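Chains as they are written, first to last, in the working numbering: chain Z, 1 to 76; chain H, 1 to 505.
Misleading hints may appear alongside valid ones.
As the list claims (entries may be wrong) - With a straight-line cut-off of 30 Å between C-alpha atoms, the simulated DSSO-like cross-links for lysine-lysine are: (1) H:K427 - Z:K3; (2) H:K326 - H:K431; (3) Z:K3 - H:K459; (4) H:K100 - H:K326; (5) H:K273 - H:K427; (6) H:K100 - H:K427; (7) Z:K3 - H:K326; (8) Z:K3 - H:K431; (9) H:K100 - H:K496; (10) H:K431 - H:K100; (11) H:K459 - H:K273; (12) H:K496 - H:K427.
As the list claims (entries may be wrong) - Beyond 10 Å from chain H on every Cβ pair, some chain Z residues (computed): (13) M1; (14) L6; (15) A9.
If you're looking for bench data, these hints aren't it; they were derived computationally from the structure. It should be emphasised that the depicted structure is a prediction, and the values quoted were computed from it without experimental measurement. Each residue gets a CB set at the ideal place from its N, CA and C atoms; glycine is no exception.
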Amino acid sequence: MSKRTLIAAYFVLLFALHQDSWWRGDATLVLGVLPVSVAYHVGWTLLVAFGWWLVGRFCWPRNLAAEDAPPPRPPQ
Amino acid sequence: MIPAIIIGVYLLVLVGLGLVSSRYFRGGTADYFVASRSLGPFVLFMTVFGTAMTAFAMVGSTAETFEYGVGTFGKLASWSALIHPACFFLIGLPLWSLGKRYGYVTQIEYFRDRFDSSGLGYVLFPILAGLLVPYVIVGLLGVGSVVGGVTGGAFPELFAGTRGAIPPWLTMAIISAVVLFYVFIGGARSAALVNVFQTVVFVGMGLLAFWLIADTLGGPVAASAAANPAKAVRAGNIGEAEFFTYWMIPLSVGVFPHVFQNFLTARSASSFKLLLVMHPLAMILAWLPCVLIGFWATGALIPGTDIPVVPLGGNANAVLGLMVAKLTSPIVSGLVAAGVLAAISLDAQFIAIGTMFTRDIVVHHFGANRFSDRTLVNIARGFIVAMVLLTYALTFLEPRQIFALGTWCFTGYAGLVPLLLAALYWKRVTKPAAYAAVIVTAIVWFSLFAASNYGADRKFLVGGMLPVATVFASCAITVFVVSLFTSPPPASTLAKFFPSRPSSA
Numbered sequence: 001m002s003k004r005t006l007i008a009a010y011f012v013l014l015f016a017l018h019q020d021s022w023w024r025g026d027a028t029l030v031l032g033v034l035p036v037s038v039a040y041h042v043g044w045t046l047l048v049a050f051g052w053w054l055v056g057r058f059c060w061p062r063n064l065a066a067e068d069a070p071p072p073r074p075p076q
Numbered sequence: 001m002i003p004a005i006i007i008g009v010y011l012l013v014l015v016g017l018g019l020v021s022s023r024y025f026r027g028g029t030a031d032y033f034v035a036s037r038s039l040g041p042f043v044l045f046m047t048v049f050g051t052a053m054t055a056f057a058m059v060g061s062t063a064e065t066f067e068y069g070v071g072t073f074g075k076l077a078s079w080s081a082l083i084h085p086a087c088f089f090l091i092g093l094p095l096w097s098l099g100k101r102y103g104y105v106t107q108i109e110y111f112r113d114r115f116d117s118s119g120l121g122y123v124l125f126p127i128l129a130g131l132l133v134p135y136v137i138v139g140l141l142g143v144g145s146v147v148g149g150v151t152g153g154a155f156p157e158l159f160a161g162t163r164g165a166i167p168p169w170l171t172m173a174i175i176s177a178v179v180l181f182y183v184f185i186g187g188a189r190s191a192a193l194v195n196v197f198q199t200v201v202f203v204g205m206g207l208l209a210f211w212l213i214a215d216t217l218g219g220p221v222a223a224s225a226a227a228n229p230a231k232a233v234r235a236g237n238i239g240e241a242e243f244f245t246y247w248m249i250p251l252s253v254g255v256f257p258h259v260f261q262n263f264l265t266a267r268s269a270s271s272f273k274l275l276l277v278m279h280p281l282a283m284i285l286a287w288l289p290c291v292l293i294g295f296w297a298t299g300a301l302i303p304g305t306d307i308p309v310v311p312l313g314g315n316a317n318a319v320l321g322l323m324v325a326k327l328t329s330p331i332v333s334g335l336v337a338a339g340v341l342a343a344i345s346l347d348a349q350f351i352a353i354g355t356m357f358t359r360d361i362v363v364h365h366f367g368a369n370r371f372s373d374r375t376l377v378n379i380a381r382g383f384i385v386a387m388v389l390l391t392y393a394l395t396f397l398e399p400r401q402i403f404a405l406g407t408w409c410f411t412g413y414a415g416l417v418p419l420l421l422a423a424l425y426w427k428r429v430t431k432p433a434a435y436a437a438v439i440v441t442a443i444v445w446f447s448l449f450a451a452s453n454y455g456a457d458r459k460f461l462v463g464g465m466l467p468v469a470t471v472f473a474s475c476a477i478t479v480f481v482v483s484l485f486t487s488p489p490p491a492s493t494l495a496k497f498f499p500s501r502p503s504s505a
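Bound-form chain Z, shown alone (with noise of 0.2 Å):
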């Protein structure tokens, strides 16, 4: 499996884990400040932090990093 792919399922997988009905009802406090739900959410936005920093170091768009690349110098 290519990486692009592996990464595009890790979204895919962080799109389904958004809901988490789990803990709806759930009113725990973690370290007695952030409701369950909020933390995990926090922790949630982290990865998918970590998704896109995967996506730039590894499935960058190659046109893309080439049309960045300054200009051949001229013979001299």
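Since chain Z is already given, all that's left is putting chain H on it; use the hints.
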């Protein structure tokens, strides 16, 4: 009086930044509209994040949590943390590349080219520009409300009619003038510099308010323990289908004309990498403190008394202001008010409206060589002045409907995302499908808007889901079905927009 002074200083800083950035203004349309496509990763992130956020990030998030519980973070902040960068990557990045290659400055220029249709631009212009107007009005009304709230009693003789508060009409006039000033002299470059400052201010002031309120309430643990446990859960506050369909609301960022223009200011494709990673982290920084303040407000008492900070049945939009005013000092009230003003950046919207009128109507109709570059900048400036005056005049209409209209603007923009995605990724999408999709989306959007009593029914749902789901599905189905039954686009168009190339690293 102290909050009014702090707000005044904040506005003077904006004017100063406008003057500084104008020294770097290069004079032509390329610089006025898209800062000569020269912004690096940090400024791009700060301007896009600052532009995508509104007063809702501070005032609305606190109010929504107070009323409907902490599910507010999941339904708005964390969904946006995923969907916004997805729009930047899947829509913004390819459009940046096409814009650089073919010189596009507006979405309509791209759509006209992609579908070989001049007329499509005239259909899209009133929709894309028209939805921006209420968006700007909501921002102006928010500014008027916030400043009025924190300056109450400051000028009892001057503004007796508003119990000493600076009246909204005056605040909105001053803000409009300040924004117009720096947009007029420096265009996108000024707006970018101001947005960097504004993003720092609004995130910083949210954190400051969070810290000081927690301290007054005996620390975060004591504050959360005193809060209403019924607001710590989604059950009883929001349905699961409604919670899920909130993912579609942030899609609007992919079609916002002003965010599109922000994309085009990027110096390079790699500038987007920082934006993708930092945007979710900034969402946490900006939203979490305000969501927790809203949660704490459900049980917070004024220290040493049994009096709730937020009176029973009080206006939810006043929760942040009350928490700050009653639990911190007037200086912090002023700083937080400045933070809210910073979250309401209207500059990018004004520039986008001016750019669209100049490029999509004037230049398209009269030809690119009819006017000099300097004349085009002045045409854009003139249109921006006219739009500022128009939006200011519209703020005097009945405010409830306009506020409700703001959320419906997001729905309208998000509804057009399937067409934009099809244009970028589906070779088979056709010109008739584009026309049909725009028309169907507009009809479905307006029908639902009317069914919600023009936004008055704020809990209006369709089958338990947000109206955006219906609008989005209507557009997607229309694009797909009409494309299959009409002739494919010419080979020359496909060759231009889908050149064969390696797709990824």
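Hints and how they fare:
no.: 1; hint: H:K427 - Z:K3; in the structure: holds, 25 Å
no.: 2; hint: H:K326 - H:K431; in the structure: violated, 58 Å
no.: 3; hint: Z:K3 - H:K459; in the structure: violated, 42 Å
no.: 4; hint: H:K100 - H:K326; in the structure: violated, 51 Å
no.: 5; hint: H:K273 - H:K427; in the structure: holds, 27 Å
no.: 6; hint: H:K100 - H:K427; in the structure: holds, 21 Å
no.: 7; hint: Z:K3 - H:K326; in the structure: violated, 53 Å
no.: 8; hint: Z:K3 - H:K431; in the structure: violated, 35 Å
no.: 9; hint: H:K100 - H:K496; in the structure: holds, 14 Å
no.: 10; hint: H:K431 - H:K100; in the structure: holds, 24 Å
no.: 11; hint: H:K459 - H:K273; in the structure: violated, 37 Å
no.: 12; hint: H:K496 - H:K427; in the structure: holds, 11 Å
no.: 13; hint: M1; in the structure: holds, 14 Å
no.: 14; hint: L6; in the structure: holds, 12 Å
no.: 15; hint: A9; in the structure: holds, 15 Å
The structure fails to meet hints 2, 3, 4, 7, 8 and 11 from the earlier list, while all remaining hints are met.
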